[in-house]
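Peer 1: Below, each chain spelled out in residue letters.
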Amino acid sequence: MAELLATIESYLQLPYVLPTLYIVIIIAVFPLIAGYIVLLERKVMADIQARLGPMRVGPHGLLQPLADAVKLLLKEDLIPAKADWLLFWLAPVISVVAALVAFSVVPFSDWFFITDTNIGLLFILSISSVGILGIILGGWSSNSSYPLLGALRSTAQMVSYEVALGFAIIGGLMVAGTLSMQEIVRAQQEQHVWFIFYQPLAFCIYAVAAMAETNRSPFDMPEAESEIVAGYHTEYSGFRFSLYFLAEYTNIVIVSSIAITLFLGGWLRPFPNVEWLDFLNYCPAVAMLAIAAMSFLGAVREKRWMEQVGMGGLGAVFALLGLLFLLPPVLTAVQGLFWFLLKVFLIVYGFIWIRFTFPRYRYDQLMKLGWHWLIPLAIANIIVTGIVMVLL
Amino acid sequence: MPPVTPVHYLFLSMALFTIGVIGVLTRRNVIIILISIELIFNAVNINLVAFSSQFASISGQTFAIFVIVAAAAEAAVGLGIIIALFRNKETVNADEIDLMKW
Amino acid sequence: MPDKTFLDTNEIVINMGPQHPSTHGVLRVILKLDGEKVLGTECIIGYLHRGVEKIAENRTYTMFNPYVDRMDYVAAVSNGLGYCEAVEKLLNVQAPPRAQYVRTILTELNRISSHLLWLGTHALDIGAITPLFYTFREREEVLKIFEAYCGARLTTHAFRIGGLQYETYDGFEEQVKAFCNIFPAKLGEYEALLTGNRIWLGRTKGVGVLNTAEAIDLGVTGPVLRASGLKWDIRKAQPYAAYEEFDFDIPVGENGDTFDRYVVRMEEMRQSLRIIEQAVGRIPEGPVMAKVPKIIKPPAGEVYHSIEAPKGELGYFVVSDGSTQPYRVRIRPPSFVNLQALDRMVRGHLVADVVAIIGTIDIVLGEVDR
Amino acid sequence: MVLHDFFFYILAAIILGGGILTITRRNAVHSAIFLVMTLIGVAGLFLHLQAEFLAAVQVFLYVGGITVLFLFVIMLVNLDEAAKQRQFNRQWGLALGCVLLLVAEVGYFLYQGRDSFSFAESSGVLLQNNTQAIAMSLYGDYLLPFEIASLLLLVAIIGAVVMAKKQI
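Here the protein sequences line up with chains A, B, C and D, keeping their order.
Using the working numbering, read the first sequence as starting at 38 and increasing by one per residue.
Using the working numbering, read the second sequence as starting at 21 and increasing by one per residue.
Using the working numbering, read the third sequence as starting at 8 and increasing by one per residue.
Using the working numbering, read the fourth sequence as starting at 3 and increasing by one per residue.
Treat the hints as calculated values from the structure; they're not laboratory data.
The beta carbon of each residue, even a glycine, is placed where N, CA and C say it ideally should be.
Treat the hints with care, since some could be wrong.
[As the list claims (entries may be wrong)] The list that follows gives simulated cross-link-like pairs (lysine-lysine, DSS-like), each with its CA atoms no further than 30 Å apart:
#1 C:K238 with B:K109
#2 A:K108 with A:K340
#3 B:K109 with D:K86
[To be verified] The following residues of chain D were derived to be distant from chain A, with all beta-carbon distances above 12 Å:
#4 V4
#5 A45
#6 F74
#7 L98
Please construct the entire structure, taking both the sequences and the accompanying hints into account.
Peer 2: Spelled out as C-alpha cells, the structure:
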C-alpha cells in the first residue's frame, strides 16, 4: 500500500502530470458546473419574479441541468442550406475552446491551478479576444440577416468594451506589479489589503465592462430578443447551440475569476492576516454542514418519498463533506478553493440579479457609455494611480 | 536531423515572406492583398524574435511590438481605404482600380 | 450575407412582423432605414380581421353583445359597456343605479388589468423581464374577480343591454376592497423597478415625442393624447355609467414622450383605484336590470356613444332600421386610430425605439383589425 | 531536445499551411480564418522562443483586433460577387517567377551562412522575466520610437475615421 502511494507520488512529481490531471478535471467538470449555473440563474430568476422555477426533475429541479443536457444533445442538428458549413461548424468550437483555455491560468487555490505564467492576465485577455471570432463567424456563416446583425453588434460591443476592460485591469495591475495570477494574489496577501480598496473605480469599470463583454443584461444587445431575435446564434440548434451556451457561461466564470483574483483577494479568506479572525478558516466545514442541515430540513418538508430520499441523500453527502473538512489537513487544502468558489458564486449571483432588475440599453447608449464614460474614467484612473504611486 | 538553430527560423520566415509576397503580387482582391501583407509582417516578426534569441537581446522583441503597431495602423487605414473605395467604385479588385480619379 | 450590402445603399427596407415578438400580435411594420435610423414606416394590418362590424348586421342586438368582447380582448369589459350603453341610448333605457355602480367598478378594474398587461409587455420590450411577472400577478387578482362574477376571465360578456344579468356574488365587495388594499403597494413595486431607473429613463425620455397639436391632428385619444398635454377624458367630458358621482383626476403629461405615457398610465391606475374605492363603499341597493323587452327592437334611428376605454375613445355608431338586427354598427377603435401616430413618432429614432414606441401606443391587434 | 525541435516543425507546418491557404482561398472570410491559423502558429513560435509577452500581444492584437477588423470589413463589403470572379491577376506568372528567383537567391545565401547561427547560451536566463525586460526596453531605450508609434496609431485612427465616414 505504502509502495503504491509512493509510486503515485513519484508520478505526481513529474512536470506534466498534475497540470494534465487538472485540465482533465476542469474540462470534465466544468460543463456540469455551467449547467448548474444555468439552474441557479433560473432559480434566482424565478425567486425574483415570484415563481418557483424548475421543480420537476429531481428534488427542487436539482437534476434539471442533466435533463437539459440530454435534451440538447438529442436535438436535431440543423445546418441552414445556404450556410457556410465549415465555418458554421467551426464557430461554436472556437468560442468554447477560447473560453475553456482561459481556465489554464485561473488560480483556483494555492495549489489547484494548471499553470502560472508571468503573462497570466494578459493571456486570459488575449484568449478571450479570440472568442469574438467565434461570435462573428457564427453570425456570418449562418447566411441570415438577424445573426449577421447580431454578430456585428456583438463584435462592435465587445471590441469597444475590451478597451475599457483592459484599462480597468491595468489600474489593478499597477498596484499588483505583476501579471502572474498567483503573484497578484500573493501581492494582496503581502500588502494586507484587497486591491478593490486601492482601486474601487477600476473595479466598478471592470464590473460594467465585464457585463458588456459577456453580453449580459443590461448590455445583452446582441441577443435582444425583442429586436433581433436571438442574435448571432439564431440559426444554431441542439449541440452547437449548447456549445455557445457553454461558452457564454464559461466567460462569465472567467471574468468573475479575473475580478476576484485582481480585486477581491483571489483564494484568500477575508482578512487573511488578522489572527483573531482565524475561526473563519472553519467556514468551509460550517458551510457544508449548513447546506446539509438545510437539505435535511427540506427532506422533511417534501411530499413524495423519492424526493425525500433525494434531499436526504444530498444532505448526507454534504454532512460527510463537512465532517471531512473538519480534519485539519483537508481543511487547509480546501481553504483556498472554498473561498475562491464562494466569491465566484457571489459575483455570478450579482450578474443574475442585475439581469433581472434592469431594462436593456439601446445600442447607441451602450456605445456612448463605453466610449464617453468608461474609457476616459479608466484612463484617468490609471493616471491618478500612477501619480499617487510615484508620490508615495 | 540537425538541431533547430536560428537558420531554421530564417528559412521559415523566408517561406512565409514569400507566400505573403506571392499573395500581394498575384491576387486581385484588395482585402486578400492586405491580409497577405499581414503575412509579410509576421515573417519579419519571426526573424526579429529569432535574432533576439540568438543575441540574447530584448531589442528584437521590442521591435516586433513596433511592427505589430505598424500592422495595426496599416490595417486600420487600409481597410478605411477599401471601404471608401468600395462605396465609390463597387469593386474590390485591384486591377479594376486603375484611375487616379473618378 | 444579405443581397444588398450595408454600404452601397443609403436606405434599406426591412420587414418587422407579422411574426415578431414585440409587435404585440400580428402587426406588420415595414421600416425604411438609414443604417439603424428609421426614415419612415408603413403599417400593414388586417391579419386578425374577422369582420366584426359585418357580423353585427346579421345578429340580433343581444346576440352581437359577446362579439365586441373579442375586439380588445384585454379590455373586454369596457367594450361590452360601450356597446350596451349605445343600445340603451337607442332604446332610451337607463340601467338602474346599482347596475351603473357595478359596471363602473368592473370597468375600472378592467382598466387596471389592461394597463397592467401593457406595463408588463412594454417593460419586456425594453428589456426588463421581471415587471411582467409582477403585473401578471396582480392582473390575476382582477381576473379572479371577473371569473367569480361572470365565470369568464378574458372575454367576460359581463353586461347585458339594460343592466346586468347577474347580481353580484357574495363577497364581491370584500374581494374588490382587498384588491384595493394591496394594489397601491404593488404599484410602488413597479415604480421602484422602473421610474427612477436611469436605463429606463434613457430608453423612454424624449423617445417618440408627439406634441399636442400633432396628437389632435391625428385624432389620437386616451393616455397617448393625455400624455401629449391635452386634458381630455370622456369620463369627465361626457360622463357615462356612474362616473359623474366620483372624484378623480385626469393625469396629464408634458412632453408627450414615451416616459410621459408611462407616467400617465401609472397615474391612471391610481385614479381608477380611487374610483373603485369610492364606488365599492356605496353600491346602492335595488334591481340590476332595467325593464327591457325580451326581444330588443329599437326604434329606427341612429346613435353614437363613446366611452373612455383603457386605450382611448371607444365609440359605437349604431344605426337601427326598427328590426331586431342593427342596420349598421360602426366601431371607432382607439388602437386603430392611435396606431396612425406610429409613423410620426418613430421618424428619426432607432430600430430599437420602434419596439418601445409600438409598446407605448398600447395596441391590441384584435381591435385594430376587428 | 527532440520534443523541442518537434514543436518547431509542427508550428512551421501550421504557419506555412495557413499561409498558403490564406492566399489561395476564393472566399475572403476563409482567407481571414487561415490567417488566424498562421497568426496563432506564429504566437506559438514566440512562446517557443520564450517571448511570452509577445505571444500574448500577438494573439490579443492580431487575432482579437486586426483579424476582427478584417472580418468586419469583409462583412460590410459585399464579396459574393468578387468570389465568383477570376481570383488571380494577369501577371501572376511573371510575379511568381520573380519571387522564386528571389527565394532562390536568399535561400542560397542563408544556406551558405548557416553555420554562423546559433542560439545564445544565456537566452533562457534573459527571457526569464520577459514582460519586465520588454517594459524596460520599451520605456527606456526606445521611448522616442514608442511615442512615435503612439502618434502613428493616432494618425491611423483619424485617417481611418475620415476615410470610412460617409459625410464629414
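Peer 1: State for each hint whether it applies.
Peer 2: Cross-check of the supplied hints:
| no. | hint | verdict |
| --- | --- | --- |
| 1 | C:K238 with B:K109 | 56 Å, violated |
| 2 | A:K108 with A:K340 | 27 Å, holds |
| 3 | B:K109 with D:K86 | 18 Å, holds |
| 4 | V4 | 16 Å, holds |
| 5 | A45 | 8 Å, violated |
| 6 | F74 | 6 Å, violated |
| 7 | L98 | 28 Å, holds |
The structure fails to meet hints 1, 5, 6 from the earlier list, while all remaining hints are met.
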